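Protein chains in written order, with our numbering: chain X, 7 to 133; chain R, 169 to 552.
Hints may be right or wrong, so weigh each one.
Straight-line distance between alpha carbons at most 20 Å, and here's what the computed DMTMM-like set of lysine to aspartate or glutamate pairs gives [to be verified]:
#1 X/Lys75 x R/Asp552
#2 R/Lys470 x R/Asp421
#3 R/Lys441 x R/Asp528
#4 R/Lys215 x R/Asp192
#5 X/Lys75 x R/Asp216
#6 R/Lys400 x R/Asp216
#7 X/Lys83 x R/Glu369
#8 R/Lys400 x R/Asp552
#9 R/Lys349 x R/Asp192
Examples of chain R residues lying across from chain X (beta carbon under 7 Å, computed) [as the list claims (entries may be wrong)]:
#10 Thr298
#11 Ala300
#12 Arg307
#13 Ala363
#14 Ile367
#15 Glu369
#16 Met416
Just so you know, these hints were derived from the structure itself, not from any lab.
The structure presented is a predicted model; accordingly, all values stated were derived computationally and were not measured.
Cβ coordinates follow ideal geometry from the N, Cα and C atoms, glycine included.
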Amino acid sequence: MTEQEAYGDPLTRPFWEAAGRRQLLIQRCSSCGSHQFYPRPFCISCQSDGVQWVPAAGTGTVYTRTTVKGEIAPDLKPPYVVAVVELDEGPRLTTNLTDLELRIGDRVRVSWRDREDAPPFPVFGPA
Amino acid sequence: MIDLSRQAVFIAGVAETALGEVRDQNEYSMFALAAREALGEAGMTIKDVDGVFVNYMGDEGSVQVAEYLGITPRYSDSTDFGGAAFEAYIHHALLAIAGGRCEVALVGYASRQRTRRLRRMSIGGRDESTYAQFEAPARLPMPIGNYAMVAARHMHEFGTTSEQLAEIAVAARRWAAMNPKAWSRDPLTVEDVLASRVISEPLHRLDCCLVTDGGGAIVVTTQERARNAAKKAVRVLGAGESSTHWHMSQWRDMTVSAGAVSGGDAFAMAGIKPSDVDFIEPYDSFTITVLLALEDLGFCAKGEGGAFVEGGRLAPGGSLPAMTMGGGLSYNHPGALGALLLVEAVRQLRGEAGDRQVPDAGVGVAHGVGGMLSTSSTVVLARD
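Generate coordinates for the entire structure from the input sequences, incorporating the hints supplied.
Quick look at the structure:
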């Protein structure tokens, strides 16, 4: 667990600490109200410093997807689905879909894939 | 803005390096030989070069190349735009020459990615980067997976089909059949493309470019210096470049590439419309790369690329000849194809393309695309 607490960099560490608790955090700007992900030190919409980590609802929509047929890394056995999911708050994540049948436009909800050398990674299944 | 009607800029020489599999030379000797040949076309020697625009030739590649050639340039550029670097270098060289900072710009590169077995699909990202933390764990095979997700979104929004994408690979192969230097020249059908292995849905193996060695050299210079060229110099009418994203999660509209900006800027500088273009050399890393370029450069409306490429429009005899040397799909693809797009465009405009010559080629476009469909750069060229 010590290793997991040290994962990431100073800006991303709150995200990965929350991921360890299976909670999905994104940044919200207290000035303009927009959300962003991955994290930056200020709001890329209005340039305000007032960005704070907030829990995401964890629901969203599949923006695009591809089924990968060949093995790239030993921790994911093909076929598997890589997708970009748009969270209901607006930001998108590059992620995996846990169900091969999910299509673009389908509603999805976050779940977590445990990893040996890193905190859980957010993936998405049927909402 | 630089006024190109007052300070015209020309491509005065081009050359391919050795292509295919190159075992008897290294990257520097390949590029040096191509540079000497291109400068010969320009009526110049290596000693005339005062600007070096190269990348992917090792650390500080412009420095290593200049040393190898025995020159001390006063202007250098290694902008890291991936496959789109070389059309961006024409843009930069045009401004440097028009601005009086150099007179003879040498643009290009050489690679032996095939014989060195450098090209492998990877998950991308270094240990500490945001890409490594947030994108790489999804195990998208880079770069085909990135392009596959673009194709999937385009199909979802506009009903584009795999058959339509395959038409692009078929057109490239028909051109390649007329080019003795093309790597793949056997006949190819839409059915062949669809029957090839799906690597990252919806893209098949034959939706993907080749992996070969190769490269090219291009000489850009002033109107005055171009007058001494041994071959007819070709005028640079306009250029533009842009980028949209690095992480796939950050690209808001995955159906619109950076070509919408680079093409618009290049056509505006050139003072022409897409309908004035006689042929195009679009970067064909994947079939979907070409489809987006045709839409974003305005050859058809957004979403209509699939119907546009049907019926052999890009093939020999079609109304918009494209990939006329066979493209990265069937001719050669040395990792950064952009240099070779410029070489072919110049040869077409000079009327030197032999069996594959486009009739009455007066205005041509070379359009580079790099990264994860991240960068685009567009050059408009014309017979003077």
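Given pair status - R/Asp528, R/Lys441, alpha carbons within 20 Å | It holds: about 17 Å lies between the C-alpha atoms, which stays within 20 Å.
Would you settle whether the hint for R/Glu369 is holds or violated, based on the nearest Cβ-Cβ distance to chain X being less than 7 Å?
-> 4 Å, holds
Given hint R/Asp552 paired with R/Lys400 - CA-CA distance at most 20 Å = 8 Å, holds
Given the hint that X/Lys75 pairs with R/Asp552, does the C-alpha gap stay at or below 20 Å?
-> Measuring from Cα to Cα gives roughly 50 Å; hence the hint is violated.
X/Lys75 and R/Asp216: Cα distance at most 20 Å?
-> 51 Å, violated
Are the Cα positions of X/Lys83 and R/Glu369 separated by 20 Å at most?
-> 16 Å, holds
Can we keep the R/Met416 interface hint, with Cβ of chain X closer than 7 Å?
-> Nearest chain X Cβ about 5 Å off; hint holds.
Status of the hint placing R/Arg307 at chain X (closest C-beta pair under 7 Å) = 5 Å, holds
CA of R/Lys400 to CA of R/Asp216, is that 20 Å or under?
-> Roughly 19 Å between the alpha carbons, so the hint for R/Lys400 and R/Asp216 holds.
Distance restraint between R/Lys349 and R/Asp192, which requires alpha-carbon spacing of 20 Å or less | It holds: about 18 Å lies between the C-alpha atoms, which stays within 20 Å.
Once the shortest beta carbon distance from R/Thr298 to chain X is found, is it less than 7 Å?
-> 5 Å, holds
Are the Cα positions of R/Lys470 and R/Asp421 separated by 20 Å at most?
-> 12 Å, holds
The structure shown violates the earlier hints numbered 1, 4, 5, 11 and 13.
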